[in-house]
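A.B. asks: Sequence:
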Amino acid sequence: MKPAIITDSTAYLSEELRQLPNVYQVNLNVIFEDGSIAHDTNDPKEQEAFFKQLETQSSLPTTSQPSVGHYYDTVDQIIEDGYDTIFAIHLSSGISGTFQSGKMVLDEYKHLIDSYCIDSLAASVAMEAIIENIITWCQEGVDAEEIYRRATWQATHLDIYLMVENLDNLAKGGRLSTTSAVLGNLLKIRPLLYFNEEGKIVLFEKLRTNRRVYQRWHELVQKASEEYPDGIEVRFAHALDQKEVEIIAQGMEAKFPNINIRINGLGTVISTHTGKGAKGMLILPLIN
Numbered sequence: 001m002k003p004a005i006i007t008d009s010t011a012y013l014s015e016e017l018r019q020l021p022n023v024y025q026v027n028l029n030v031i032f033e034d035g036s037i038a039h040d041t042n043d044p045k046e047q048e049a050f051f052k053q054l055e056t057q058s059s060l061p062t063t064s065q066p067s068v069g070h071y072y073d074t075v076d077q078i079i080e081d082g083y084d085t086i087f088a089i090h091l092s093s094g095i096s097g098t099f100q101s102g103k104m105v106l107d108e109y110k111h112l113i114d115s116y117c118i119d120s121l122a123a124s125v126a127m128e129a130i131i132e133n134i135i136t137w138c139q140e141g142v143d144a145e146e147i148y149r150r151a152t153w154q155a156t157h158l159d160i161y162l163m164v165e166n167l168d169n170l171a172k173g174g175r176l177s178t179t180s181a182v183l184g185n186l187l188k189i190r191p192l193l194y195f196n197e198e199g200k201i202v203l204f205e206k207l208r209t210n211r212r213v214y215q216r217w218h219e220l221v222q223k224a225s226e227e228y229p230d231g232i233e234v235r236f237a238h239a240l241d242q243k244e245v246e247i248i249a250q251g252m253e254a255k256f257p258n259i260n261i262r263i264n265g266l267g268t269v270i271s272t273h274t275g276k277g278a279k280g281m282l283i284l285p286l287i288n
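Residues in the sequence shown are numbered consecutively from 1, following the working numbering.
Fair warning: there could be bad hints in the mix.
In silico lysine to aspartate or glutamate, EDC-like type, Cα no more than 20 Å apart, as pairs [as the list claims (entries may be wrong)]:
(1) K255 <-> E244
(2) K200 <-> D230
(3) K52 <-> E253
(4) K243 <-> E253
(5) K206 <-> E165
(6) K45 <-> E244
(7) K243 <-> D43
(8) K103 <-> E140
(9) K103 <-> E146
(10) K2 <-> D76
(11) K255 <-> D230
(12) K103 <-> D73
(13) K2 <-> D143
Estimated spans, in silico, between C-beta atoms of each pair [unchecked claim]:
(14) I31 <-> Q77: 19 to 29 Å
(15) G141 <-> A49: 37 to 47 Å
(16) K52 <-> E145: 46 to 56 Å
(17) I113 <-> I37: 24 to 34 Å
If you're looking for bench data, these hints aren't it; they were derived computationally from the structure.
Predicted, not measured: the structure shown is a model, and the values here were computed from it.
Where a beta carbon is used, it is the ideal one built from N, C-alpha and C, also for glycine.
Given these sequences and hints, build the entire structure.
C.D. replies: Here it is as structure tokens:
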């Protein structure tokens, strides 16, 4: 098997993964009312410029999935490059049509190349973690069907919990009333969101203060570590709040020294809805 991987920009892959010759990416974008486009990136400088532009908008810009034409071109390139198998993993079908579009395109190439399309039911660090595992399993010689089974199992058993620092973007996006947003900001209410079984972002709990959210994250990690005998991995994502997340991660490492913990940045497409300062925590069950 000579495998290639297709993912989309909301995985916010590390530079090391992006440079691998068998990893291909299709990109989502943010489109403002005036027609200007912000490309999906978690580069801190570009993120700062994006948030400054976002502050001037009365309503949220829209986010667009990758063009179908780009997806066709990507699959054509993979075949031309000599790969015989594709593993595609994309942003949750609960919040984007990227997975469905990718699967539609790949189905048209069944006579030319084997393909396995995985709905992450999540975003960001969850996608990156599963991609790293797929690469490892390929290197270990695991067959394609088993890799697909493992990746799908992880996608359906992982948990992502998201905390927004400010409720304004949720109000602009119609997910919260303006009055509730103002009141919630004044009372420092921190809605803890998560991806449910359908891959949709819904309310998990309402908590007061960031400190209570972090305590709750500790409790959730403790529960998961007891539930999964093969262990878990924890990853944090953030929208330009590196220092705060490093402190959170250090506290987690002190309490759970045997759990691997990583940090990555959120990009413009996800940050459009979560706002600056948003933080997320992934709990990923391992497969040994």
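A.B. asks: Measuring from beta carbon to beta carbon, are I113 and I37 in 24 to 34 Å?
C.D. replies: Once the Cβ atoms are compared, 31 Å apart, the range 24 to 34 Å for I37 and I113 holds.
A.B. asks: Under the criterion that the straight-line Cα-Cα distance not exceed 20 Å, is the pair K2, D143 satisfied?
C.D. replies: holds, 11 Å
A.B. asks: Are the Cα atoms of K200 and D230 separated by 20 Å or less?
C.D. replies: The given pair, whose Cα atoms are some 27 Å apart, is violated under the 20 Å limit.
A.B. asks: Below or equal to 20 Å on CA atoms is what counts here, so check K255 against E244.
C.D. replies: holds, 17 Å
A.B. asks: For a C-alpha distance cap of 20 Å, please report whether K103 and E140 respect it.
C.D. replies: Given pair K103, E140 is violated - Cα atoms ~26 Å apart, limit 20 Å.
A.B. asks: Per the hint of 19 to 29 Å, is the separation of the Cβ atoms of I31 and Q77 within bounds?
C.D. replies: Hint holds: Cβ distance 26 Å, inside 19 to 29 Å.
A.B. asks: Could you check the hint for me, namely that G141 and A49 are 37 to 47 Å apart, CB to CB?
C.D. replies: Holds, since G141 and A49 (Cβ atoms, about 45 Å apart) stay within the stated range.
A.B. asks: What's the verdict on K243 and D43, does the C-alpha distance respect the 20 Å limit or exceed it?
C.D. replies: At roughly 16 Å apart (the allowed maximum being 20 Å), D43 and K243 satisfy the hint.
A.B. asks: Holds or violated: K103 and D73, Cα atoms, limit 20 Å.
C.D. replies: holds, 14 Å
A.B. asks: Just to be careful, I want the Cα atoms of K103 and E146 compared with a cutoff of 20 Å; is the pair within it?
C.D. replies: holds, 19 Å
A.B. asks: For the pair we were handed, K243 and E253, check the Cα-Cα distance against 20 Å.
C.D. replies: holds, 15 Å
A.B. asks: Hint check: K52 vs E253, CA-CA at most 20 Å. Holds or violated?
C.D. replies: Given pair K52, E253 is violated - Cα atoms ~34 Å apart, limit 20 Å.
Going through the hint list in order, the structure does not satisfy hints 2, 3 and 8.
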